[in-house]
Amino acid sequence: MLKRIESALWSLGALAVIALGLMITANVAARAIFQTGIPDSVIIVRELMVAAIVLPLGAATAARAHVAVEFVTNGLSPRKRSYLIVLGSLIGMFALMPLLFAGWRELSGTWSKGSFYFGDLGLPKWPGRLIFLVGIAVCWVRLAELAVRDTKTILGGGAVDEDEGAAH
Amino acid sequence: MIDPATLGLIAFGFVLLLLAMRVPIAFSLASVATVSTFLIFAFRSGDFAPERAIKATSSLVFSNSFDLIHSYNLSMIPLFVALGHIAYRAEITTKIYYAAKVWLVKLPGGVAMASVVGCGGFSAITGSSIACASTMGRICVPEMLRMGYDNRLATSAVAAGGTLGSLIPPSVLFIIYGIFTETSISRLFLAGVLPGLLTLAGFLLVIAVWVWRSPEIAPVGDTDIDAAERWRAAREAWPAVFLFVVIIGGIYGGIFTATEAAAVCVFFAAVIGFVQGNLTWQGLWDSVRETCIQTTAIFFIAATAKIFVAFVALTGIAPSIVETVTAAEPSVFVLMLCIAGIYLVLGMFLDPIGIMVLTLPLMIPLVESYDLNLIWFGVVVIKLLEIGLITPPVGLNVFVIANVVGKQAPIDRIFAGIARFLSVDIIVLILIMSFPMISLLLPMGMK
Amino acid sequence: TLIHGEAGPNRGARAAALQWFADQVSERSSGDVKVDIQWGGALFKANASVQSISDGVADMGSVIAVYYPQEMVGYGIADLPVNNPDAWVGMRATDDLMRSSGAIQADLADKGLVYIGTWTTSAVNIGCKDAAIRTAEDVKGLKVRGVGAYGKVFGEMGANMVRMSIYDAYQGLDTGLIDCSQGYSYAVSALKQGEVMDSYTLLDWGQVGGLGIFMNKDAYDDLSEAQQAVLNDVGADMADEFGRMITAANDKAIASMKEQGVEIITLPEAERAKLVSMGEPFLGKWVESANAVGLQGDALLEEYRGLIAKYTEERDSMGYPWARN
Ligand code: NA
Ligand code: NA
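Chains as they are written, first to last, in the numbering used here: chain U, 1 to 168; chain G, 1 to 447; chain X, 1 to 325.
Honestly, the hints are just simulated from the structure, not real lab data.
Be aware that a few hints might be false.
[As the list claims (entries may be wrong)] Below are the EDC-like pairs computed for lysine to aspartate or glutamate, each with C-alpha atoms no more than 20 Å apart in a straight line: (1) U:LYS113 x X:ASP110; (2) X:LYS285 x U:ASP120; (3) X:LYS285 x U:ASP40; (4) U:LYS3 x G:ASP286; (5) X:LYS140 x U:ASP120; (6) X:LYS45 x G:ASP67; (7) X:LYS34 x G:ASP286; (8) X:LYS258 x G:ASP67; (9) G:LYS55 x X:ASP218; (10) X:LYS217 x G:GLU290; (11) G:LYS55 x X:ASP222; (12) X:LYS34 x G:GLU323; (13) X:LYS252 x G:GLU182; (14) U:LYS113 x X:ASP107; (15) U:LYS3 x G:GLU290; (16) G:LYS55 x X:ASP110; (17) G:LYS55 x X:GLU288; (18) X:LYS111 x G:GLU51; (19) U:LYS113 x X:GLU288.
[Stated by the list, open to error] According to the in silico footprint, chain G covers these stretches of chain X (three or more CB under 8 Å from chain G): (20) 78-84; (21) 100-110; (22) 189-195.
[To be verified] Here are some chain X residues the structure puts well away from chain U; computed CB gaps all over 10 Å: (23) LYS45; (24) GLU71; (25) MET161; (26) ARG244.
Glycine residues also receive a C-beta, built at the ideal position from the N, C-alpha and C atoms.
One chain only, chain U, in its complex shape (with noise of 0.2 Å):
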C-alpha cells in the first residue's frame, strides 16, 4: 500500500518536472517567436518545482536515497552500523514533524484566508502547501516503517542491507 502511494507520488513529481520543462520552453518560444507570454509562468514552474521536489521524498527515503557520511564509521561491524541506521530514521521521524505541523498550520492559513499570489491569474497559494505536507508526511511514514522493519532485522540477528532499494 504504501509503496503504491510512494510510486503514485514519484510519478507525479516526474510529471511535474515534465510540465515544467514544457512550460519554459513553450514561453520562450512564446516569447521569440510570438512576442508574448504565458500568464503566470514564473509562479506556476515554482508551485510545480515542489511538486518535483517533494513528492518523490518518499520513494528516495524508500530507496535509502540520503546522503550520510559513511566514512567515519565504515570501520564498524555491519550490525553495529544497522544500529546508527535505526537512529538516522528515528532522528529523521524527529526532524520532520515540526515541518509537518508547520506545514499543516500554513496549509490551513493559506487555505482559510484565500491567500493568492500577485499576478496574471491572482492564483491562490495553498495548492503548493498541499503538495509539501503531503510528501513530508508519506517519507516520515516511511521512515518510520523503516525503523520498524530495520529494527526486526537487528533483533533476528541480522543487519541491515543499505543498498537494497538502491537500484536506480
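On the provided structure of chain U, position chains G and X with the ligands as indicated by the hints.
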C-alpha cells in the same frame, strides 16, 4: 539560560556528532537547527515561553525550507539533472566521450582533463556549481568509470571542476556580493576571470601530476586509431556540441536565461534522441523518474541547510566573531588569515549564499576600515566559498556527485580524490591574496 | 532588544533609513529599546515576512505588500498606479492613512501585526538598452521586465513582458534578453544597471510605496506606553528622513547615469497622462479586493487621494521639511 552564541557553538558540535554517527545530513541539520531555534525563542523573554516559541519555530522552519524549494531559478537543477540522464540514454554523452578519448589518446588523463574543462565551461555559463555537478556528474563520471578510470579521479575531477562556476562570469555569487558592497558587477566579473583560469590551470596540473605518478588510475586505451576513425568520432559527436552551442548562444545572444537554457536543452536532447532512434518513451520516463530521486535528496539537504542558516542568524555568532576579531586590532595579514579561517569553517557547514548574507553585512565595514580593495576582497570571498563546496563534512558539490553516481563511488573516495584539488585551491587562494593584481588587472583596464 | 528581519542588503538608501530608525529608537529611548537588524533575509525572505513577523520569528521586520495581495490589501493602496510622483508626499499620505484608518489597524491587529513606519521605492521609471522610451507607445513590442500593476500596464500597452528577478535584470539587459527594465533611480544605481543601459526615461508615474516596518503585536504590547510612543514617533519621522535621503539618492543616481553616458529622457506630460489613465482599471480591481476583506475600498482610495493632494499642497507652499527654516 546560556547565551545564543554559545548555543550556536554547541549546535555545530551536535551536527558534527550526528554526521559522524551516519545520520543523514538533512536530518542532522534539521533536527539540531529546530531544537536550538526552539530553545532560543522559548527563552528570549527570559522566562520559558513555549507557546510563542512553537509558533515562531514552526514559521521559521517552514518559510526557510519551503522558500528554497519554491524557486523558479532553481528549477534549473532538476532540468540539468534530467538533461544528463536523457543525454546519456540518447547516447549523446557516449559519443562525445568517445571522441574525446580517441583525440586525447596520447595524453594520459586526457579525458579527465577534458571533463574539468567541460565542467568549468558549463558552470561558467550557467553560474551554478550545483547544476554543473549534477549534470556533468551524470555525463562524465559513468563514462570515465567505463574507460577504467579510478573512481577517486573521475568523481573528484567533476566535483572540483564544478567549483569554477562562480569565479568565471556570469556568476550569481558575484552579483549578490556586488549588491551587498555596492561595487561594480562588471568589474567583479572581470576580476574573477584570471583567478578562475588560474584555478582551472591548477586543476589540470593536479590531474597531470596524479596520472603521471600513478598511471594505472587513467588507463590509456587502444593507441592505434587512424585519422579516419578520429574524424568519424568527431562527426558523430555533433549533438553534444549542438547542445553546448544552444546554451552559450542562447544565453549570450539574449534569447533565454540560464534557467530557461536548461529546459530548452532538455527539449532538444529528447528530440535528438527520438530522431536518432536511441531514446524511447520508456527511456525518457525512466530518466525523469531517476532525476526526481536525485534532486529530491539534494534539495532536501539544501532546504535543511537553509533552516540552519536562519538559526545561525538568530544566535548572533557571526557578529560576535567579528567583534572579537575587531577588538584584537589585527594586522592586515592576520585579519585576512582570520577571515579566510572564518569562511573556511562556515563553508564546511553552510551554502555560499547563506554564508554571504550572514557575514557580508558585518565583514565589509571591517574590510573597509583597513582600506582594502573591495573588488579584490570579493574575489577572495568567492574563492573561499567555492572551496567550501568541496570541503567535508558538508560539501554540497560532493554530495551531488555522490548522489548521482550512487554506490560506484562512496563519499569518502570522492573526498580522498578532492584532497589533491583542495591543495591546489589553497595555493591559488594564497596567490590571489598575496597578489591583488591577479584580480585587479582586467577590471583596471575597464573605462 | 528587538530583532528586525530585513530581506535586503545593508547598503543603499533604504538600508540607511532603517539604520537611522534603529539609531533613533535607541537614542530617543536613551538606550532602553534597541533594534538589532538581521540583513539579507537571513531569517526570512520578503515573501515570508508577514507570517514570520506575526509568528514572532522576529519582533519586527520589513514587509513588501506586493507579496501579499490578499493579507496586506490595505497597505497595498500605496502600490497603486495613481498620479503620485513625489516620494515624500507618497510616504506622508501612506503613513497618515495607515495611522488614521481604524479599519486597517483592526485588520492588521487580526493578523497579529502593528504598523510602525513606511518607505517607498520612489517614482517608477524605466531604463533601456538599445531602445528609448520617448512616448507611451514606445514600449510596444519591446521586451520589458515590469513589476506589479505598472508591469501589467506595460503589458497592456503591447510590451512583451519578461518575468525575471531584479537581480537578473542586469544580465538580462546586458545580453539583450530584455530591452527595458522597470526601476527606481536609486535602485538602478545600487544594482549597477546604469552600466548596461543607454537610456533612462523618467515616467514620474506612481510609486511602489507598500513597503514598510511592521511589528509583532505581542512584542508591541509587551512594551511600555513610553516605549511604544518612541517607536511610533520614529516610525512617523522616517517618512521625512527617508524622503530627504531618497530625493538626494535619486538626484545623485541620475547624475551618475548621465556621467556614464546614459541618456536621461523626461516623458512629456501628455504621454504621462496616458499611462496614468491606463492604470485606472487596476484601481477598480484593488477596490474589489479591499471590499472582499471588509475594508471600504472606495472610501480608502478617496481618502488616500485627498492625503496626496494635501501633502502636495504642503510641499508646494512650505517646501520639503528638510529644506524649511
Ligand atoms: Na559562472
Ligand atoms: Na563544505
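Hint by hint, here is what the structure shows:
1. U:LYS113 x X:ASP110: holds (12 Å)
2. X:LYS285 x U:ASP120: holds (12 Å)
3. X:LYS285 x U:ASP40: Holds, at about 18 Å.
4. U:LYS3 x G:ASP286: This hinted pair holds, its Cα atoms lying about 18 Å apart.
5. X:LYS140 x U:ASP120: holds (19 Å)
6. X:LYS45 x G:ASP67: Roughly 8 Å between the alpha carbons, so the hint for LYS45 (chain X) and ASP67 (chain G) holds.
7. X:LYS34 x G:ASP286: Distance of about 57 Å is beyond 20 Å: violated.
8. X:LYS258 x G:ASP67: violated (39 Å)
9. G:LYS55 x X:ASP218: Status holds; Cα separation ~12 Å.
10. X:LYS217 x G:GLU290: Since the Cα atoms of LYS217 (chain X) and GLU290 (chain G) sit roughly 47 Å apart, the hinted pair is violated (cutoff 20 Å).
11. G:LYS55 x X:ASP222: holds (17 Å)
12. X:LYS34 x G:GLU323: holds (18 Å)
13. X:LYS252 x G:GLU182: holds (14 Å)
14. U:LYS113 x X:ASP107: Holds: LYS113 (chain U) and ASP107 (chain X) sit about 12 Å apart, inside 20 Å.
15. U:LYS3 x G:GLU290: Distance of about 16 Å is within 20 Å: holds.
16. G:LYS55 x X:ASP110: holds (16 Å)
17. G:LYS55 x X:GLU288: The given pair, whose Cα atoms are some 32 Å apart, is violated under the 20 Å limit.
18. X:LYS111 x G:GLU51: holds (17 Å)
19. U:LYS113 x X:GLU288: Holds, because 16 Å separates the two Cα atoms, which is no more than 20 Å.
20. 78-84: Coverage by chain G is violated for the region 78-84 of chain X (0 residues, Cβ < 8 Å).
21. 100-110: violated (count 0)
22. 189-195: Since 4 is at least three, the answer is holds.
23. LYS45: At roughly 13 Å from the nearest Cβ of chain U, LYS45 (chain X) sits farther out than 10 Å, so the non-interface label holds.
24. GLU71: violated (6 Å)
25. MET161: With a cut-off of 10 Å, MET161 (chain X) comes too close to chain U, as the shortest Cβ separation is near 6 Å.
26. ARG244: holds (30 Å)
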